[in-house]
Amino acid sequence: MWRWVRQQLGFDPPHQSDTRTIYIANRFPQYGLYTPQKFIDNRIISSKYTVWNFVPKNLFEQFRRVANFYFLIIFLVQLMIDTPTSPITSGLPLFFVITVTAIKQGYEDWLRHNSDNEVNGAPVYVVRSGGLVKTRSKNIRVGDIVRVAKDEIFPADLVLLSSDRLDGSCHVTTASLDGETNLKVCMLMFECRSW
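Numbered according to our numbering, the sequence shown spans residues 499 to 693.
Hints listed in this document are in silico derivations from the structure and should not be mistaken for laboratory results.
Where is the CB? At the ideal position from N, CA and C, for every residue including glycine.
Worth double-checking, as some hints may not be accurate.
Heads up, simulated PhoX-like pairs for lysine-lysine below, C-alpha to C-alpha not over 20 Å straight-line [to be verified]: (1) Lys546 x Lys636; (2) Lys602 x Lys648; (3) Lys636 x Lys536.
Each pair of labels, with its calculated beta carbon distance range [stated by the list, open to error]: (4) Ala620 x Leu557: 50 to 58 Å; (5) Leu659 x His611: 40 to 48 Å; (6) Phe567 x Ile543: 23 to 31 Å; (7) Phe567 x Asn680: 42 to 50 Å; (8) Leu557 x Asp676: 33 to 41 Å.
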């Protein structure tokens with residue numbers, strides 16, 4: 499019943515099913531009905547701004563702060579009403595703080611863009627068309643088989659299919675995700691245990 503309600507409200511399009519079929523190594527069926535499914539790509543975007551939205555988004559974020567908004571109101575009141583103090587006394591410090599903060603946030607976002615480009619452009623080996631192909635990590639698709647060597651960073655969420663160790667295990671650190679620096683043992687049975 500809830501599925502029917504979601505379809506009527508437009509939350510669950512009727513052409514989508516409850517299950518998803520993922521073709522390993524992107525080997526799609528040659529005969530029969532095949533409906534390509536849309537999955538998100540593997541690009542990492544941790545930056546907040548683009549060239550086009552930097553000024554309006556940054557100004558919006560800065561004037562959400564109570565102190566900046568207060569000084570903006572004081573500056574506007576001094577412009578409209580004849581006051582004994584000059585509007586420059588409140589406008590110049592506000593302009594200085596807004597400008598310095600915008601430069602700082604722009605520089606930090608530029609560093610995030612560079613970091614994203616470095617991670618997205620990292621070379622990885624993927625099984626495609628029966629062979630090992632070198633590609634970039636942003637080009638990994640759902641269903642790709644990725645070869646990860648010892649001491650390499652995982653370029654995506656992966657499921658362990660094989661290991662060169664005799665017991666079929668591997669050691670994974672998740673320090674960049676949860677801050678834990680201890681190694682977790684992952685077995686071929688798709689479980690990770692924390693020591």
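Broken hints, numbered, in rising order?
2, 4 and 5
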